[in-house]
Amino acid sequence: MTQSIVVQVGQCGNQIGFRFWDLALREHSSLNKTGLYDDAVSSFFRNVDTRYSDPADIPVGHGLGKIKDLKARAVLIDMEEGVVNEIMKGPLRGVFDYKQLITDVSGAGNNWAIGHKMYGAKYKEEISETIRRAAELCDCLQCFFVIHSMGGGTGSGLGSFVLNLLHEEYPDIYRFVMAVYPSHEDDVITSPYNSVLAMRQLTDNADCVLPVENQALVDIVNKINQANPKLAERKSSRGHVKAGSAISTGDGGIVKGKDEKPFDSMNNIAANVLLNMTSSARFEGSLNVDLNEITMNLVPFPKMHYLVTSQTPLYSVSDVHIPPRRLDQMFSDAFSKDHQLIKADPKHSLYLACALMVRGKVEVSDIRRNIERLQSSLKFIHWNRDGWKTGLCNVAPVGQPYSLLTIANNTCVHHTFSGLRDRFVKLYKRKVMYVVYPWKNNSKHVSQHI
Amino acid sequence: MSVVTLQMGQCGNQVGGQFFNMIARDTFDQSLAKCNVPRQTNQQFIDDVCERFFSQEEGSLKARAVMVDMEPKVIAMTTTEAKRSGLFQYNNKQQFCQKCGSGNNWAHGFLVHGSKCSQQVMDLIQKEAEKCDRLEGFFTLMSLAGGTGSGLGAYITQCVRDEFPHSFIMNQVTWPFYTGEVIVQNYNAVLTLSHLYQSSDAILIVENDQEQKICSQLLNIKKISFSDINEVIGHKLASFLQPAKSNNLTSNHLGEMLEHLVPHPEYKLLTMKTIPFMSENNIQYSAYQWPGLVKHLTQMLIANASMEEGIDWGVKLSSTGLAYNKSMANSLFLRGLDVNTVDVSSFKDGRLYPSWLPSEACLASWTNQRTFNKYEKSASLVSNSQTPLISLNHVIDKAWSMFTSRAYVHQYIKHGLAEEDFLDSFACLEQVIKNYKDL
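Chains as they are written, first to last, in the working numbering: chain B, 1 to 450; chain G, 1 to 439.
Do not take every clue at face value.
Straight-line distance between alpha carbons at most 27 Å, and here's what the computed DSSO-like set of lysine-lysine pairs gives [as the list claims (entries may be wrong)]:
#1 Lys414(G) to Lys99(G)
#2 Lys89(B) to Lys99(B)
#3 Lys245(G) to Lys348(G)
#4 Lys361(B) to Lys83(G)
#5 Lys347(B) to Lys379(B)
#6 Lys83(G) to Lys99(G)
#7 Lys303(B) to Lys379(B)
#8 Lys99(G) to Lys66(B)
#9 Lys245(G) to Lys374(G)
#10 Lys213(G) to Lys361(B)
#11 Lys361(B) to Lys223(G)
#12 Lys62(G) to Lys83(G)
#13 Lys89(B) to Lys68(B)
#14 Lys66(B) to Lys83(G)
#15 Lys68(B) to Lys99(G)
#16 Lys83(G) to Lys33(B)
#17 Lys83(G) to Lys223(G)
#18 Lys326(G) to Lys316(G)
#19 Lys222(G) to Lys361(B)
#20 Lys71(B) to Lys99(G)
#21 Lys93(G) to Lys83(G)
#22 Lys99(G) to Lys33(B)
#23 Lys348(G) to Lys295(G)
#24 Lys93(G) to Lys66(B)
#25 Lys303(B) to Lys414(G)
#26 Lys117(B) to Lys429(B)
Per the computed footprint, the stretches of chain G lying under chain B, defined by three or more beta-carbons under 8 Å from a beta-carbon of chain B, are [what the hints assert, rightly or not]:
#27 66-74
#28 95-105
#29 175-185
#30 225-235
#31 390-402
#32 407-416
None of these hints come from the bench; they were simulated from the model. Built from N, CA and C at the ideal position, the CB exists for glycine as well.
Just chain B, same shape as in the assembly (with noise of 0.2 Å):
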């Protein structure tokens, strides 16, 4: 079995990376009922006995060995202190070892150079050990995980310096990168620039981008706060949907519902998507897929790695009598513009991959049947008409009996470019904030990332 670490960076790289941990928590107590520290937990957690000052890593052996405590695989930076000192005041302290955390005081200002170059010059030494030793506590180190925002000044910037740091120190291990991008109506003026500026590290270096749009996430919390009514009014209507089955709640993980934060909801989303992406690669199936098999069926040219996720079922209803149509709307759901997580119509664009993750009680009929039926109604690229990968885990996610996630190379990723694209040539047309970014030496530098 491989592991995965984790490196989130920024505030919002920090609170997605902080549901994921939460989530996976929640995943892998739900299945490991005998508390053995076995393969499927190792992927992303370490056992680590903590009676040394140094906890002392325990390998997973012959896969009998208790847990004793779990330790994340994950890095955790930040540009200033307050995210993650509240991750580590809260009750996933004990997840996280202080030594994976590397945090600084003032900030980086929404600003990517200050980010990329003055951090990244201040920091690399740190971080560069502090990834070194997450990679040697290892048994089989298989791939990145890379989380941060691309509108900020720290996600942005000193996430795609790590970025280029991987992939200077590590060219052999995949780099995935979820990187949350700016809608049209974003609280921070400099976003367009900072975004630009990252999506050249992200197209050299990553080899897989997951790109997520606020905006599309909370379409899809709100699609779901409109059919699940509050617990308080717990009604007893036809349809009434499965409390915790929402890929948007947290329960049953360590954080509380009191304790939830606004964003919780949409973050849980993005934290979903990680989980379900690994979950073939950690656990049993009839047709496994492995992380190294995304990259290597949805990459077709090598700068072409921009993926577009989309989840479905968004909540489980707890009424048996709904019949069991629920399987095929699941599939013809996962390709409407409301359940991508950018705001995309994958539909009326081109594809040139898909691949299904489906994980729970479905067969290889069910997939097959929904391929046919869907094929007719989906362009593909003309070299790759029948551009299918389908995985089959046979462990349900937490709370619903089947799910199902779409990973797709769809041309419909250049909607998101563009916008972004028309908003960085207004400000820079007028060279708003240009004097910020003293270290951008000249215009064509600016160019070349356009």
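We have chain B; now place chain G onto it with these hints.
Below, chain G alone, put in the same frame as chain B:
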């Protein structure tokens, strides 16, 4: 005469598990009354099977198999299932696995994993081979779509050929679903087949699409899982690999069968057709006769049908009219009641075979009075014919159109493959297609 089975990759291991399960169930789990043979003959049969597929070690029956996969989950699952069946087990020491998979990348499986792991895998194979009194040959189970089964499978087949030049090697390849299981499956298939053609003696093709149709239409399974499909494949494989005797009482050892089926080294593609197939409930209500079974099987061969439903009876053996399926050689396996009364002359028809082959030599039939797997009468046809051409053409077309846009090629080049290797593989397979078309 023993056969060592090599299970490569997830598909190979899962099919292998079902294959051994089927053999074990047929051999050990049938009551004597149902078998249609006297006790002594049955005992002889059981001994033959044990010698062929199992070895007696540490008090339990261990399969003569080497399990190879680049990640540990599937081997663990297959071993546990075998133990649960209680009929046989896999030898824990005959397993090889690594931590990270091949990523559906043929180049990764062939070049990277191949050179790294070949020594250890060959050691395991050597050990298994030495346990046999008389080694007949190797039976490799692999898929064409993935990275390990196809890439590493092709590499190990080459190594086995170098190491055991006098043994027979038969590769069972699983053809992926038509509408994509893996996006780069066409590349992997083209590369694998072209390499296997050099080192293997026979390539037995099994198509997922057809097996699924059998499950849904004949066996009436609503939600078909991969283990259902693998059970069908296991049934078909066991139906011709279980011991049987020909007219002059020679046994159907791997070598005998392959010598007959592959008379010319350019024609190595084999396909299987088995009838009847029906769900357990229907078996007790059906009565069928040999003439009917033989007629269906003949028409299935001529019209290229994969199962007994939906056969096109319009295709006839005549030079005008619809083109029919020509064969190089056919082997017929009949098991059950009254096998001696069966008339197989329809398979000896000269029009089925090319003019440069004597038609009497083209058919070999093997029979066994013992019933197979709950079917009173069952017939299986392994043929070297034009059947795989359609799928082969399809795969090559798709692979070529992807190759002309150079899509995904960078992933293969990363691991050491070159564009010339792709072109060589295309050329090799085009030649195979031309040979079969000209039959």
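Right, here's what the structure says about each hint:
This hinted pair checks out: Lys414(G) and Lys99(G) have alpha carbons roughly 20 Å apart, not beyond 27 Å. Restraint check: the Cα-Cα separation between Lys89(B) and Lys99(B) comes to about 15 Å, which is no more than 27 Å; the hinted pair holds. For a cut-off of 27 Å, the pair hint linking Lys245(G) to Lys348(G) stands: about 19 Å separates their Cα positions. Under the criterion of a C-alpha separation no larger than 27 Å, the hint pairing Lys361(B) with Lys83(G) is consistent with the structure, at around 24 Å.
For a cut-off of 27 Å, the pair hint linking Lys347(B) to Lys379(B) stands: about 7 Å separates their Cα positions. Proposed proximity of Lys83(G) and Lys99(G) is supported: the alpha carbons are some 23 Å apart, at most 27 Å. Proposed proximity of Lys303(B) and Lys379(B) is supported: the alpha carbons are some 21 Å apart, at most 27 Å. With a C-alpha separation of about 22 Å, the suggested pairing of Lys99(G) with Lys66(B) holds against the 27 Å cut-off.
Among the hinted pairs, Lys245(G) with Lys374(G) is consistent with the structure: their alpha-carbon atoms are about 20 Å apart, no more than 27 Å. A distance of roughly 21 Å separates the Cα atoms of Lys213(G) and Lys361(B); the hinted pair therefore holds under the 27 Å criterion. With a C-alpha separation of about 10 Å, the suggested pair Lys361(B) and Lys223(G) falls inside the 27 Å cut-off, and the hint holds. In summary, the hint linking Lys62(G) to Lys83(G) is supported, as the alpha carbons are separated by about 10 Å, within the 27 Å threshold.
As the CA atoms of Lys89(B) and Lys68(B) are separated by approximately 21 Å, the hinted pair is consistent with the 27 Å bound. Between Lys66(B) and Lys83(G) the alpha-carbon distance is near 25 Å, which keeps this suggested pair within the 27 Å criterion. Among the hinted pairs, Lys68(B) with Lys99(G) is consistent with the structure: their alpha-carbon atoms are about 24 Å apart, no more than 27 Å. Using a Cα cut-off of 27 Å, the hinted pair Lys83(G) and Lys33(B) holds, with the two alpha carbons roughly 23 Å apart.
Proximity of Lys83(G) to Lys223(G) is assessed by CA-CA distance (about 26 Å); at most 27 Å being required, the pair is judged to hold. Restraint check: the Cα-Cα separation between Lys326(G) and Lys316(G) comes to about 12 Å, which is no more than 27 Å; the hinted pair holds. This hinted pair checks out: Lys222(G) and Lys361(B) have alpha carbons roughly 14 Å apart, not beyond 27 Å. Restraint check for Lys71(B) and Lys99(G): satisfied, since their Cα atoms lie roughly 21 Å apart, inside the 27 Å limit.
Distance restraint check for Lys93(G) and Lys83(G): the Cα-Cα separation of roughly 15 Å lies within the 27 Å cut-off, and the hinted pair is therefore satisfied. Among the hinted pairs, Lys99(G) with Lys33(B) is consistent with the structure: their alpha-carbon atoms are about 24 Å apart, no more than 27 Å. For the hint linking Lys348(G) to Lys295(G), the alpha-carbon distance of about 13 Å falls within 27 Å, and the restraint holds. Pair hint Lys93(G) plus Lys66(B) holds up; C-alpha atoms about 26 Å apart against a cutoff of 27 Å.
For the hint linking Lys303(B) to Lys414(G), the alpha-carbon distance of about 14 Å falls within 27 Å, and the restraint holds. With a C-alpha separation of about 24 Å, the suggested pairing of Lys117(B) with Lys429(B) holds against the 27 Å cut-off. Counting residues of the stretch 66-74 of chain G whose CB falls under 8 Å from any CB of chain B gives 4; the rule of at least 3 is met. A count of 7 residues in the stretch 95-105 of chain G with a Cβ less than 8 Å from any Cβ of chain B is obtained; the coverage claim is therefore met, three being the minimum.
Counting residues of the stretch 175-185 of chain G whose C-beta lies closer than 8 Å to any C-beta of chain B gives 8; at least three are required, and the coverage claim holds. For the stretch 225-235 of chain G, the stated coverage by chain B holds: 4 residues have a C-beta nearer than 8 Å to a C-beta of that chain, and at least 3 were required. Interface restraint, the stretch 390-402 of chain G with chain B: holds (3 residues with C-beta to C-beta distance below 8 Å; minimum three). With 4 residues having a beta carbon nearer than 8 Å to a beta carbon of chain B, the stretch 407-416 of chain G meets the requirement of three or more and the stated coverage holds.
Hint violations for this structure: none, all hints satisfied.
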